[in-house]
Amino acid sequence: MSSTGESRKVNRGVELLLLGILVGLMVLASTATHEGGRSHALAALGFLLLAGTVVANVLERLGIPHLTAYLLTGMAAGPYALHLVDHSAVQDLSPINALALSLISLAGGAELRISKLISAARSLLWATLLQNVLVLLLMAGAFLALRLLLPFTADLPFTVVVGVALLWGVVAITRSPSATLGVLSQTGAKGPLATFTLAFVMASDVVVVIVLALVFTVTRPLLEPGAAFSLRAFRELGHEVIGSIALGSTLGLLLAAYLRFVGRQLVLVFVALGLVMTQVLDYLRFDWLLIFITAGFVVQNLSKQGDKFLEEIERLGEIVYVIFFATAGAHLDLPLLTQLWPAALALTLCRGGFTWFAARISSRLANDPPTLRRWGWTGLVSQAGLALGIAAKIQKEHPGYGTGFAAMAVATVALNELVGPILFKAALDRSGESAAQVDTEESTPAGAEPAR
Amino acid sequence: MNALWGMMGLIAAAFVGSVLVARRSHARHGLASGSGPVLAGFLIGPTALGLVTPGLLEVFNPLAQVGLGWLALILGLDYGWLDRRRIPTARLIGGTLAGLLTMAVVGAATFALLRRLHPSGPIWWQDTTNWIVAGGIGAACAETTRHAVRWVADRVKASGPVTELLLDVSDADDLGPLLLCGALFTLQPPAGLRWATHPGVLWAGQIGLGVAIGLLTALLVSRRFRSRSLWAVLFGTSMVAIGLAVRADLSVLTVAFCMGLGLSVVSRHRQAIRAAVLPGEVPLRLPALLLAGARIDVAQVPFLAWVIPTVLGARVLAKGLVAGCAALVSPPLRRAGAPLLPGLMACGPTSMSIGLAFALRFPGPIGETVLVSAAAATVLGELVAPAGLRAALRRAGEATAEPAAQAVVEVAA
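Protein chains in written order, with the working numbering: chain S, 1 to 452; chain G, 1 to 413.
Keep in mind that the hints are not guaranteed to be accurate.
[Said to hold, decoys possible] Pair ranges (Cβ atoms, derived):
{"no.": "1", "chain 1": "S", "residue 1": "L62", "chain 2": "G", "residue 2": "A48", "range": "58 to 66 Å"}
{"no.": "2", "chain 1": "G", "residue 1": "A112", "chain 2": "S", "residue 2": "E314", "range": "52 to 60 Å"}
{"no.": "3", "chain 1": "S", "residue 1": "G389", "chain 2": "G", "residue 2": "R84", "range": "48 to 56 Å"}
{"no.": "4", "chain 1": "G", "residue 1": "R84", "chain 2": "S", "residue 2": "L254", "range": "36 to 44 Å"}
{"no.": "5", "chain 1": "S", "residue 1": "T250", "chain 2": "G", "residue 2": "A299", "range": "56 to 64 Å"}
[Said to hold, decoys possible] To give an idea of the interface, some chain S residues facing chain G are shown, with a C-beta separation under 7 Å as derived from the structure:
{"no.": "6", "residue": "A29"}
{"no.": "7", "residue": "A43"}
{"no.": "8", "residue": "G46"}
{"no.": "9", "residue": "T53"}
{"no.": "10", "residue": "I319"}
[What the hints assert, rightly or not] Just so you have them, the derived chain S footprint on chain G, three or more residues with Cβ under 8 Å:
{"no.": "11", "stretch": "56 to 69"}
{"no.": "12", "stretch": "187 to 201"}
{"no.": "13", "stretch": "236 to 247"}
I should point out that these hints are in silico values taken from the structure, not numbers from a laboratory.
Please read these numbers as outputs of a predicted model, since none were measured by experiment.
Cβ coordinates follow ideal geometry from the N, Cα and C atoms, glycine included.
With the rest of the complex left out, here is chain S (with noise of 0.2 Å):
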């Protein structure tokens, strides 16, 4: 082995150790103070970010993505693990999931370019209709299949069963956005697998909350007997829909003019847009995270400004990313996950061979490069928010049976959420578009002075 690969060995094991004192102070403080109370978030704040960043930098070596090792790091630190973070605490961060959740929107898109789009648009018009549809009725089959293996469905008429897996095909077909942009960004990948999946998770965002509010029509009857046919549910869209993507466009066309004419202090800018303006959004019942992938769409396609607001985004987002990753690895339910794990891991690979299934005919539907044709199906494994938010929503309207769905979406979710980000990096890694990483870790900061 060469000097320089035991110097970084030996720095990855001091690297190590310290976690390891930074893991014992977290636990002399947990045995030393109090517990709850909103102090404990400043603390837990500053080790998922410090062990995240350390835990990201040890794994890079086995090629385990940065946002996995969040993740795993998230889960040992949480509740259910070493409880080096409380409930509470999780609870006090859940503010900096909205501001991870913007910056990723805007980010989201700001990457997508109208010319790289349309060169792609065959592949994603095919895909769309496959990934969704498709699989949607193939995951709804599966969960029939499976149903012995779901004790929540035990007591359904089976008419009511049907309704229910219709929903769980809806939560099967969401994407994620933050893992994709995650691994993009730590990849800094650029080709035809990079560019096709990021257009179609975000686009896939908007066409999961169309599809959902049709199924929530399609199965109302299904579900609660008696009920009629309505299609409020669209109307009520189509206001949120349209509004959204009207108020994004005024943002995308704000924040440009901000970028040209003031471009100071864009960190401030952000903070205010994700911490204050998502939640006045919210209020005003308008879907903040369209309203923000059209505003970066805009500023990125409609002015000269993109590079730079995508610059900024990156910045903050180093920071911000670790945190909303770590904190969603210790929202973790892991005791749920090891109750629930057989029809999890079940439902998890159906969902993974139909995705790759429908993308191998989708490929071949659109003509694919070869790279796509072979990894596509790749960056669309991973789940995150938007499956829980659904599951959240079944479970406010159908608590009978919701709570078990809800339950069996967050043990699923957290299998995708493990391994999807895991499969799409060693597919950019093998198709030749991640970015070489050039390994600066031995170089000195500038302006380096010598030890007093």
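Following the hints, put chain G in place on chain S, whose structure we already have.
Relative to chain S, chain G alone:
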């Protein structure tokens, strides 16, 4: 005003302040002590317009703690340095002694007053409440802020040994008060801790915790972290330091200052770290000062009419002693003459931060007395210090431009 508007207001304050600083026009606008946000906070607080309620302020306590910690971290990183120049050891010692002397005089005068006002209290050495109040006021009133020295020096384009000396001494006088804050916080058993611990051990623990996290940060930064991870490491370690201090009811200022000091002493990358930390200073410091101003509630201060004049009188006396001693040992300062005394009265962000830290740790009369005293010292400094510093620098022959003339030149340009 609800939490959402409060958050928006804080972000707006941070934004406006950052833009002003970025334009480097702060040398001509705002207050010399940099305490404009305190005034703005006071105006919206319960004493003046009453736009914010105590309940709303509670929501922003974590943000205030982060602001305090970040400010103390930067003070620790900068301790002993003026930009890229090391401050000579003799000046460091001199500045530290000046801070301690001021703290001791103001603290002793306040303690004597409080004992007189509460003659039936416990024996003087067991009177922990009055020790905390007097010590806190002493710590808050100890500094001469660099902001004012720089502000005046920029306006009159001063440079020379007196300007340099004043900058060095005003940098060094933060050490004593910031360390002793930690000791004062331990005089009342921290509610956050499960075990009763001797105050001396707790004080040493705070210093040890700060230094240990500083060393940990230095190791992480120097080992193998790419520069793009530098901010994540710095932010993460400082949040751990601040969070652990808050969680245990210890002094955020002491822990974060010691972290910065430890990091500055052992790391070869002090400049890079400083460059990474500095952009976050204004967006965090301004909301913290705004919150400090908003927390001022003079109605909660017992014997206000006695305490404030005593504190201000003791501060004038202490700074007079400091100016006299400085003139004795430093020939250049002798040339500055009598105006040096009002010049040394400037105080601002550090004083208000100490006041806010006490208000957060000891809500009610104890904290409010320290915070209001810090605000009173800041106001007095704002009234007399700029003119005093200008006159002192002029008498020392280091001021090369009159503020009014400079403004005319700039307008013409």
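Hints, one by one, checked against the model:
1. Taking 58 to 66 Å as the suggested C-beta distance range, the pair L62 of chain S and A48 of chain G conforms, at roughly 59 Å.
2. As the Cβ distance of A112 of chain G to E314 of chain S is approximately 58 Å, the hint placing it in 52 to 60 Å holds.
3. The supplied range of 48 to 56 Å is met by G389 of chain S and R84 of chain G, whose beta-carbon atoms lie about 51 Å from each other.
4. Checking the proposed 36 to 44 Å range against R84 of chain G and L254 of chain S shows it holds: the Cβ atoms sit about 40 Å from each other.
5. Here the CB-CB span from T250 of chain S to A299 of chain G is close to 46 Å, at odds with the stated 56 to 64 Å.
6. At a threshold of 7 Å, the smallest CB-CB gap from A29 of chain S to chain G is about 5 Å, leaving the interface hint in force.
7. The closest approach between the C-beta of A43 of chain S and any C-beta of chain G is roughly 3 Å, which is under the 7 Å cut-off, so the hint is satisfied.
8. About 3 Å separates the beta-carbon of G46 of chain S from the nearest beta-carbon of chain G, less than 7 Å, and the hint is met.
9. Contact between T53 of chain S and chain G, as hinted, is supported at the beta carbon level, the nearest pair being about 5 Å apart and thus within 7 Å.
10. A distance limit of 7 Å between C-beta atoms decides the matter here; for I319 of chain S the minimum to chain G is near 5 Å, and the interface restraint holds.
11. Restraint check on the stretch 56 to 69 of chain G versus chain S: 4 residues with Cβ-Cβ distances below 8 Å, three needed, restraint holds.
12. For the stretch 187 to 201 of chain G, the proposed coverage by chain S is satisfied: 5 residues have a C-beta within less than 8 Å of a C-beta in that chain, meeting the threshold of three.
13. With a threshold of 8 Å between beta carbons, the proposed coverage of the stretch 236 to 247 of chain G by chain S holds, since 11 of its residues qualify and at least three are required.
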